[in-house]
Amino acid sequence: MAERRIRIEEITKIEGHANLTIEIESNEVKRVIFGVHEGSRYFEAFMKGRFYTYIHHLAGRICGICTVAHELASLLAVEKALGFEVPDEIHALRKLMLYSSHIQSHILHLYFLALPDYACAESAVELARKDSRSLELVKKAFAIKEAMNYMTSIIGGRAVHPCTLVPGGHSAKIDKEDIERYAKKMKEIYPLLLETAELFLSIEYPEFERESEYVALVDGIKIPLYEGNIGTTRVRFSPKEYMKHLREWTVDYSSAKHSLVDNRDYMVGALARLNLNPYLRDDAKEIAEKYSIRFPTHKVAWINVAQALENLHYAQEALEIVDSLRKGYSGVPSKPKTLDGEGIAALEAPRGLLIHHYRFSRGRCTYANIITPTAMNTENIERNLREYISQIVEMDDDFIKTEAEKIIRAYDPCISCSVHVTRVG
Amino acid sequence: MPVDIAFVEGTPTTRDEVIKLLRIRKDCKVLVALGACADTGGVPGLVNTISKRDAIKVYQGNPPEISLNPKPLSYYVNVDYILHGCPFSRKELLELITDIVIGKEFREKEYSVCVECTLRENGCLLEQGYLCMGPITRGGCKAMCPSNGAACIGCRGPFEDANFKGHIRSLQELGFTKEQIIEAYSVFSYEKLKEVISWLKEE
Chain A
1 MAERRIRIEE ITKIEGHANL TIEIESNEVK RVIFGVHEGS RYFEAFMKGR FYTYIHHLAG
61 RICGICTVAH ELASLLAVEK ALGFEVPDEI HALRKLMLYS SHIQSHILHL YFLALPDYAC
121 AESAVELARK DSRSLELVKK AFAIKEAMNY MTSIIGGRAV HPCTLVPGGH SAKIDKEDIE
181 RYAKKMKEIY PLLLETAELF LSIEYPEFER ESEYVALVDG IKIPLYEGNI GTTRVRFSPK
241 EYMKHLREWT VDYSSAKHSL VDNRDYMVGA LARLNLNPYL RDDAKEIAEK YSIRFPTHKV
301 AWINVAQALE NLHYAQEALE IVDSLRKGYS GVPSKPKTLD GEGIAALEAP RGLLIHHYRF
361 SRGRCTYANI ITPTAMNTEN IERNLREYIS QIVEMDDDFI KTEAEKIIRA YDPCISCSVH
421 VTRVG
Chain B
426 MPVDIAFVEG TPTTRDEVIK LLRIRKDCKV LVALGACADT GGVPGLVNTI SKRDAIKVYQ
486 GNPPEISLNP KPLSYYVNVD YILHGCPFSR KELLELITDI VIGKEFREKE YSVCVECTLR
546 ENGCLLEQGY LCMGPITRGG CKAMCPSNGA ACIGCRGPFE DANFKGHIRS LQELGFTKEQ
606 IIEAYSVFSY EKLKEVISWL KEE
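Quick mapping for you: the protein sequence lines, in order, are chains A and B.
Residue 150 in my numbering sits at position 150 of the first sequence, with consecutive numbering throughout.
Residue 617 in my numbering sits at position 192 of the second sequence, with consecutive numbering throughout.
Treat the hints with care, since some could be wrong.
To be verified - With a straight-line Cα cutoff of 25 Å, these simulated SDA-like cross-link-like pairs (lysine to any residue) come out:
no., chain 1, residue 1, chain 2, residue 2
1, A, LYS48, B, GLU604
2, A, LYS13, B, GLU442
3, B, LYS567, A, TYR329
4, B, LYS567, B, ASP505
5, A, LYS337, B, LEU599
Said to hold, decoys possible - Here are a few chain A residues that sit away from chain B, every Cβ distance over 10 Å (derived from the structure):
no., residue
6, ARG4
7, ARG5
8, GLU38
9, TYR54
10, ALA143
11, GLU188
12, PRO206
13, VAL218
14, GLY220
15, ASN263
16, ARG264
17, ASP282
18, SER324
19, SER390
Simulated from the structure, these hints should not be mistaken for laboratory data.
The beta carbon of each residue, even a glycine, is placed where N, CA and C say it ideally should be.
Let the hints inform the model, and build the full structure from the sequences given.
Pasting the structure below:
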């Protein structure tokens with residue numbers, strides 16, 4: 001038994017259930033355990049044997065917040081495996097959904113999960129009751145979230161578990177008017193995204209920094225979400241080679257896996273994307289300069305800053321795509337070229353890199369492997385906490401707890417995603 | 426502290442969660458099962474279609490501790506209301522809360538997705554050769570998927586008087602194999618449709 005043990009039984013304001021244990025001896029941090037205690041969900045096991053048309057529907061159910069990312073990563077992997085030809089308009093439509101769902105997820109995290117820590121409130125509900133200014137903030141957050149969900153549903157039929165995505169195409173006809181409604185809403189809400197960026201760039205975050213590896217999609221010209229190679233600060237590789245670089249293992253105290261890239265612990269998500277892709281568009285760049293924000297940075301809590309900047313960037317990216325889709329889309333989904341094959345897709349979910357990998361025989365799934373961002377981040381979370389707590393070890397338990405939670409929450413961990421696979425006893 | 430309405434999403438997969446659920450039941454006046462997982466076991470309930478040995482096989486290395494089989498919440502506790510679907514309908518959620526508050530009886534929709542689909546004047550996807558689950562699936566979604574050109578996948582589960590045999594016969598006449606029909610019936614409602622599925626397997 002350690003001399004000093006700090007335990008958070010249930011970390012609140014994250015997606016799902018996790019706990020934290022810190023063991024300290026003679027003012028030295030001996031162990032930091034970020035434990036995930038949700039039951040295993042065996043998605044990869046019951047995907048086996050299913051016909052390819054069901055796979056993305058099942059994958060989407062891994063998570064209700066980043067459902068668009070899961071469905072898309074899954075579809076892309078299925079389409080690669082079975083040789084679908086997917087027209088450019090379809091990819092453009094999907095990107096629109098991905099952008100609005102990213103912003104939706106970032107807003108949920110920034111205002112409802114992260115902000116209360118910095119506004120001395122237990123929750124967004126308490127925050128809303130504080131004063132009229134805080135109430136306005138919460139209302140704004142809802143307005144943005146609602147707008148983003150509305151935009152996702154224009155293309156996807158609905159925002160949670162969109163129903164229009166099918167292998168090789170899109171089941172619904174998308175009119176010119178639909179695309180215009182999407183663009184109009186994005187323009188309407190853009191000033192609120194600017195206000196959000198101002199707010200989250202002006203917050204004082206823990207100064208803690210530690211150099212680690214970062215992993216995100218890269219293409220050398222943009223901040224890619226939908227396609228690209230996988231990059232770190234040292235190497236670039238095709239998604240097909242993910243197994244050569246990413247090593248996953250299980251630990252005895254958590255149902256989420258841990259992971260290293262080329263033997264280094266790494267971070268995925270908004271900060272990793274901006275650290276590896278210095279291509280923010282003008283508005284985001286300007287506002288970053290105004291607040292002297294520079295990337296790359298190793299300040300962990302700046303994940304929040306990165307998300308707020310990404311919102312602006314993706315809103316503009318989406319509006320650019322809208323211009324290429326002026327005619328709308330109506331077409332019949334293409335057919336698979338083969339019913340046997342293997343496909344790997346890497347895509348950026350709001351919380352970071354997401355990999356879906358399947359094999360099919362006669363149209364039925366024979367192998368499935370899904371690596372989620374939170375599982376990639378767990379090792380990095382623990383190592384960063386260990387380092388940070390060592391720096392503040394002389395402070396009292398409550399202070400350490402609060403600071404540790406700030407760091408954990410910055411990652412926006414999604415436990416439901418992380419335990420879609422395994423629980424180790 | 427007792428609460429008026431407890432909304433329970435998902436279904437227990439660990440013993441601790443079962444205990445938590447029992448405690449919630451004790452502490453609330455009205456318990457609502459929110460969404461397909463709470464209603465039928467949902468997509469994670471698909472793991473009940475395979476053996477635990479097969480489920481664990483996909484993990485190399487340390488054999489994982491086994492989770493509980495996902496079951497409908499009603500397997501563990503009395504459920505007062507169910508909001509069906511994956512996702513559940515926001516409109517129905519508001520209806521339910523309003524009804525509880527004003528003391529009106531909330532009624533389940535005891536009719537199929539086809540009723541709402543026809544009202545929206547969509548062409549029938551079954552007739553076009555899609556494996557559509559509309560005829561046996563509970564309405565209330567305003568036929569969301571068929572209205573977007575996609576066959577119903579049955580996320581709201583079956584309604585009370587669904588004519589399974591008629592539906593299965595139509596699907597067979599359209600050329601769908603037994604395997605395909607069993608798969609479609611299993612995706613969202615395996616726990617609810619076990620009997621029909623085993624009947625179909627033996628047929």
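Against the structure, the hints come out as follows:
A threshold of 25 Å between alpha carbons decides the hint, and for A/LYS48 with B/GLU604 the separation of about 14 Å falls inside it, so the pair holds. About 19 Å separates the Cα atoms of A/LYS13 and B/GLU442, which keeps this hinted pair within 25 Å; it holds. Distance hint between B/LYS567 and A/TYR329 is fulfilled; the C-alpha atoms sit about 23 Å from each other, no more than 25 Å. Between B/LYS567 and B/ASP505, the direct Cα distance comes to roughly 23 Å. Compliance with the 25 Å bound is thereby established for this hinted pair.
With a C-alpha separation of about 23 Å, the suggested pairing of A/LYS337 with B/LEU599 holds against the 25 Å cut-off. Non-interface status of A/ARG4 relative to chain B is upheld: no Cβ of that chain comes within 10 Å, the nearest being about 26 Å off. Every beta carbon of chain B lies more than 10 Å from that of A/ARG5, the smallest distance being close to 21 Å; the non-interface claim holds. Not every CB of chain B lies more than 10 Å from the CB of A/GLU38, the least distance being 7 Å, so the non-interface label is violated.
At the 10 Å boundary, the C-beta of A/TYR54 falls inside the reach of chain B, the nearest C-beta of that chain being 6 Å off. For A/ALA143, the requirement that its beta carbon stay farther than 10 Å from each beta carbon of chain B is met, with the minimum near 16 Å. No Cβ of chain B approaches the Cβ of A/GLU188 within 10 Å, the least distance being about 21 Å, so the stated non-interface status holds. Even its closest Cβ contact with chain B, about 32 Å, leaves A/PRO206 beyond 10 Å, as expected for a residue assigned away from the interface.
Under the 10 Å C-beta cut-off, the non-interface status given to A/VAL218 relative to chain B holds; the minimum distance is some 29 Å. No Cβ of chain B approaches the Cβ of A/GLY220 within 10 Å, the least distance being about 35 Å, so the stated non-interface status holds. Distance check on A/ASN263: its Cβ is at least 18 Å (rounded) from any Cβ of chain B, clearing the 10 Å threshold; non-interface status holds. Separation of A/ARG264 from chain B is adequate, the least Cβ-Cβ distance of about 21 Å exceeding the 10 Å criterion.
With a least CB separation of 36 Å from chain B, A/ASP282 remains clear of the 10 Å interface cut-off, as annotated. Listed as outside the interface, A/SER324 is consistent with that label: its C-beta sits roughly 23 Å from the nearest C-beta of chain B, beyond the 10 Å cut-off. Against the 10 Å criterion, A/SER390 stays outside the reach of chain B, whose nearest CB is about 29 Å from its own CB.
Checked against the numbered hints above, the structure violates hints 8, 9; every other hint is satisfied.
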